[in-house]
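From just these sequences and the hints, can you work out the full model?
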Amino acid sequence: PFGYSLYEVEVYEALPEFEQFVYDPADSSSLGGMHVNSIFEDTRKRIWVGTNNKTLGRFRPETNDWENERFESDRQEKTITAIQEDRFQRLWLKGWCCADPEPRIMFDPQTRNKRIYKSVLEDETSLSSDVIYALYGDSEGNIWVATRSNGINLYQFNDDTFKRIIPYTAFADNANVIHQDREGRIW
Numbered sequence: 047p048f049g050y051s052l053y054e055v056e057v058y059e060a061l062p063e064f065e066q067f068v069y070d071p072a073d074s075s076s077l078g079g080m081h082v083n084s085i086f087e088d089t090r091k092r093i094w095v096g097t098n099n100k101t102l103g104r105f106r107p108e109t110n111d112w113e114n115e116r117f118e119s120d121r122q123e124k125t126i127t128a129i130q131e132d133r134f135q136r137l138w139l140k141g142w143c144c145a146d147p148e149p150r151i152m153f154d155p156q157t158r159n160k161r162i163y164k165s166v167l168e169d170e171t172s173l174s175s176d177v178i179y180a181l182y183g184d185s186e187g188n189i190w191v192a193t194r195s196n197g198i199n200l201y202q203f204n205d206d207t208f209k210r211i212i213p214y215t216a217f218a219d220n221a222n223v224i225h226q227d228r229e230g231r232i233w
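Here this note's numbering is used: the first residue of the sequence shown is 47, the next is one more, and so on.
Just to be clear, a hint being listed does not mean it is correct.
Stated by the list, open to error - Derived CB-CB ranges, DEER-like: (1) Arg106 <-> Ser185: 14 to 20 Å; (2) Asn110 <-> Arg231: 37 to 43 Å; (3) Glu63 <-> Asp169: 34 to 40 Å.
Unchecked claim - Cross-link-like lysine-lysine pairs, in silico, BS3-like; alpha carbons within 27 Å at most: (4) Lys91 <-> Lys160; (5) Lys164 <-> Lys209; (6) Lys209 <-> Lys160.
Because the hints were derived from the structure by calculation, they are not lab data.
Don't be surprised by glycine CBs; every beta carbon is placed ideally from N, CA and C.
What follows is the structure in structure tokens.
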């Protein structure tokens, strides 16, 4: 088929084999959107993809198809651009639409419950910004959120809030990426 797709590649000593997965709006078990913007393997070895069609998809190897979870939005198109997993095996999703920020969504694959997190100006325990540049799940299962113009946030599991780790300063406001090195330091 013409258009957009995702390939699974198996590399052997010979030439690699490709399996193509395509979006078919008439088939709910096809790839969930035309553009795959994020791919993530969780601790249970399941493959998840975020697409441009407000959809998070989980590959089902037993049936060679997709289980899709659609996230409704009042915006015309919403893209899932990042997926991370916390210590409770919940997925954290970063969305993007046009030039507007999208809320961060926590999705529990077991219960299918969703929770949206937004910045609230007067609340110091909310996200410091709705414009998220990066999500990061560290080796302890913590979720770190890098923002534009408002530093870095760490999710607090005990009370479902965020701690503002690196606040905005005139010299360090944008955080574009978060990484953990072999010694466990967060960069």
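Going through the hints against the structure:
1. With their beta carbons about 28 Å apart, Arg106 and Ser185 fall outside the hinted range of 14 to 20 Å.
2. With their beta carbons about 41 Å apart, Asn110 and Arg231 fall inside the hinted range of 37 to 43 Å.
3. Between Glu63 and Asp169 the beta carbon distance is about 51 Å. The supplied range of 34 to 40 Å is therefore violated.
4. This hinted pair checks out: Lys91 and Lys160 have alpha carbons roughly 21 Å apart, not beyond 27 Å.
5. About 13 Å separates the Cα atoms of Lys164 and Lys209, which keeps this hinted pair within 27 Å; it holds.
6. A threshold of 27 Å between alpha carbons decides the hint, and for Lys209 with Lys160 the separation of about 21 Å falls inside it, so the pair holds.
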